[in-house]
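Participant: As a plain string of letters, each chain reads:
There are 2 protein chains.
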Amino acid sequence: MIQHLLVPRTLFLTNIRRASQALAYDNFGDPAAVLKKVSIQNERVIKNGHVMVKYLASPINPADINTIQGVYPVKPSSFPAIAGNEGVAEVIRIGSGVKNVQIGDKIIPAAKASGTWTTHAILSEKDVTVIDKNVDNLFAAQLTVNPSTAYRMLKDFHKFEPGESLIQNGGNSAVGLFVIQLAKLWGIKTINVVRERPNLDELRDHLKSLGADYVVTEEELRKREIMEQILAEIPKPKLALNCVGGQNATDCMRYLSDNGTMVTYGGMSRKPVVIPTGLLIFKNQKYIGYWMTRWSQENFNSSQRIKMIEELCQLRIEDKLKLPKIELIRLDDWKEAMENISKGFTNAKYVFKFD
Amino acid sequence: MIQHLLVPRTLFLTNIRRASQALAYDNFGDPAAVLKKVSIQNERVIKNGHVMVKYLASPINPADINTIQGVYPVKPSSFPAIAGNEGVAEVIRIGSGVKNVQIGDKIIPAAKASGTWTTHAILSEKDVTVIDKNVDNLFAAQLTVNPSTAYRMLKDFHKFEPGESLIQNGGNSAVGLFVIQLAKLWGIKTINVVRERPNLDELRDHLKSLGADYVVTEEELRKREIMEQILAEIPKPKLALNCVGGQNATDCMRYLSDNGTMVTYGGMSRKPVVIPTGLLIFKNQKYIGYWMTRWSQENFNSSQRIKMIEELCQLRIEDKLKLPKIELIRLDDWKEAMENISKGFTNAKYVFKFD
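Taken in order, these protein sequences are the chains called A and B. Following the UniProt record's numbering, the numbering of the first sequence begins with 1 at its first residue and continues without gaps. Following the UniProt record's numbering, the numbering of the second sequence begins with 1 at its first residue and continues without gaps.
If you are wondering where the hints come from, they were derived from the structure by calculation, not from laboratory data. Quick reminder that beta carbons are idealized off the backbone N, C-alpha and C, glycines included. The hints are all genuine.
Here chain A is said to cover these stretches of chain B; the calculated rule only asks that three of the stretch's residues, wherever they fall, bring their Cβ under 8 Å from a Cβ of chain A:
no.	region
1	262 to 269
2	272 to 282
3	287 to 295
Some but not every residue of chain A turned toward chain B, in silico, with C-beta under 10 Å:
no.	residue
4	Y72
5	N242
6	G245
7	T250
8	G266
9	P272
10	I275
11	T277
12	G278
13	L280
14	F282
15	K283
16	R294
The whole structure should be built from the sequences, with the hints applied where relevant.
Facilitator: Right, dumping it as C-alpha cells:
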C-alpha cells in the first residue's frame with residue numbers, strides 16, 4: 001500500500017506529461033505513404049501493473065514493413081497503430097502493483113507489443129522482459145528477432161553433437177550471421193550458401209572470420225565435386241536452414257542427411273519449397289517452418305525464453321557475438337529510410353536511435 | 001532334444017525333396033525381360049531355427065516392379081533373387097529349435113524376406129509372423145503393405161479425436177481404400193480426391209459405400225465454393241495423405257489446418273511436393289514422408305506391429321474391411337501380367353495364387 005501511495009506522488013515530480021513522438025499509421029499501405037510522425041500525450045497516471053518506458057533503440061525489420069503493408073499475418077489490434085515490433089527501452093515510471101520491474105531497468109517488449117517506433121510507451125509489466133543493463137543497446141534492440149531465431153533453430157530441431165554439421169542458405173542474412181556465430185561457439189560445422197556477387201572473396205573472408213567453416217555460392221552448391229570435397233571432411237548436415245526457397249532450397253536438401261530436417265524461416269526468392277518425393281519417403285527427411293513471433297508468444301514467460309535471453313546477452317557482453325552492419329537513424333529520418341528500403345537501396349539494417 | 005531328434009524323422013516321411021517353382025532374376029531390368037521361372041531344389045534338412053513354408057498367395061505390388069527394375073532403394077542381397085516382397089504362406093516343415101511356429105500355422109514373411117513369388121521358401125523363424133488362420137488368404141497376402149500403410153498413417157502422425165477430418169489424394173488407390181474404411185471405423189471424416197474420369201458417379205458411389213464422407217475430383221478441389229461448403233460441415237483436415245505430388249498435393253495443402261501434417265507416401269504424378277512458404281512459416285504445417293518398408297524393419301517384433309496385424313485381421317474376419325479389385329493369376333501367367341502392368345493395362349491388383 002505504501003508503494004501504491006508513493007508512486008504517483010513520485011511520478012508527479014518527474015516529467016509526466018511529456019508527449020511521445022511516434023511513427024503511426026491509420027491504414028495499411030506503402031510505409032513511405034501511410035506512416036505519419038505523431039505526437040501522443042501520455043497519461044498522467046500510469047495504470048496498475050503498467051510501466052512507462054523510454055525507447056533507446058528500435059530496429060526496422062522486414063516484418064515491420066510487411067505489417068504496415070497489411071501482408072503480414074500479425075495485424076495491429078486497432079488503428080491508429082504505432083509501427084515497429086522490437087526495441088530496447090529504459091523504465092522511467094512505474095504504476096502501482098508493479099512487482100518485477102524497477103525504474104532504471106533495461107527492458108525489451110513482447111513481440112506482440114503494439115509499436116516500438118516511438119520515444120515512449122506505456123506497457124503492461126507482463127509484456128516486458130528485464131535484461132542485463134550491461135548489454136549494449138544496439139544488440140538488445142534486435143535481440144528478440146534475429147539472434148533468437150538463430151538460437152532456437154539450432155536448439156529445437158536437432159540435438160547436435162559436437163562435430164555434426166548444418167547447411168544454410170542466406171548465409172549473409174541477419175539471421176544467417178548469428179547462425180554462423182552460435183554454431184561455431186557450440187561446435188557445429190556450417191556450410192553457408194551465399195549468392196554470387198562481385199565482392200565474393202571479401203564476403204567469404206568476413207563469414208569465415210565470424211566462424212563459418214565453408215562458404216559456397218549457389219552455383220558451387222550445384223557442383224558435385226565441390227560438395228563431395230566438403231562432405232569428405234565433415235558429416236552430412238542433419239539440419240538445413242532455409243530463408244530462400246526455390247531452386248536453392250532444393251539444392252540444399254540434396255545434401256541433407258537421411259532423417260534430416262529442413263527448417264524454412266523465410267522465402268527471399270518468393271518461390272515455394274520444392275521437395276523431390278524420394279527425399280520424403282526414402283530419406284525420411286522432415287520439412288517444417290519456424291516463426292519466431294509464434295514461438296515468443298507461446299513461450300513468453302517460459303524458463304527457456306529467459307535462459308535464451310540471458311545466454312545471448314552474456315555472449316554479447318563477452319564480445320562473442322558481432323552485429324550485422326547497422327545504420328543508425330533518427331526518427332525524423334523515417335521517410336528516407338522507408339523509401340530506400342522499398343527501392344532495395346540498403347545494405348545495412350536501419351535502427352532508430354532515440355537519444 | 002526329443003524334438004530335435006524327432007523333427008527330421010517326421011519330415012523324412014513327408015514330401016521333402018519337392019522343388020519350388022519361383023520367379024527369379026539375375027540382373028535388374030524390365031520384369032517381362034529379366035524374370036525367369038525357375039525350379040529350386042529344396043534342402044533335405046531344414047536349418048536350425050528355420051521353417052519351410054508353402055505360399056498360398058502373393059500380390060504384385062508396384063514396389064516389387066521397381067525392385068526388379070533396380071530403381072527401388074531396397075535391393076536383393078544377391079543374385080539370382082526371387083522376386084516379390086509380400087504374401088501369405090502355410091508352414092509345412094520346421095527345423096530344430098523352432099519355438100514359436102508350428103506346422104500348419106498361417107504366416108506372413110518380413111518385408112525384407114527375399115522373394116514371395118515362389119511356391120515354397122525356407123525362412124528363419126525370426127522373419128515370419130504367425131497370423132489368425134481364420135483370415136482369408138487374399139487379405140493376408142497383402143496385409144503388410146496397403147492396409148498397414150493406411151493404419152499407421154492414421155495412427156502415427158495425428159492423435160485424431162472423433163469428428164476430426166483428413167484429406168487424401170489417390171482416394172481410389174489401394175492404400176486410399178483402406179484409409180477410407182479405417183477412418184470410417186474410427187470416426188474420422190474423410191475428404192477423398194480422385195481424378196476426373198468417365199465413370200465418376202460410379203466411383204463416388206463405391207467410395208461412399210466404403211465410408212468416404214466426401215469425394216471430390218482434382219478440379220473440384222480447386223473450386224473454393226465446393227470446398228467451403230464441405231468445410232462448413234466438418235473441421236479443416238489435421239492430416240493430409242499424399243501419394244500424388246505436384247499441383248494436386250499443393251491444392252490439398254491449402255485446405256490443411258494450421259499445425260496440420262502432410263504425409264507423402266507416393267508420387268504417382270512423378271512431380272515433386274511444392275509447398276508455399278507461408279504454409280510452413282505462418283501455418284506451422286509439417287511435411288514428412290512415410291515408408292512402410294522402413295517402419296516394418298524398425299518395428300518388426302514390436303508390440304505395436306503385432307497389435308496392428310491382429311487388429312487388421314480381426315476387422316477383416318468381421319467383414320469390416322473390403323479388398324480392392326483383385327485379379328488372381330497362376331505363376332505361369334507372370335509374363336502376361338508383367339506386360340500388362342508395364343503398358344498400364346490393369347485396373348485390378350494381380351495376386352499369384354499357388355494352389
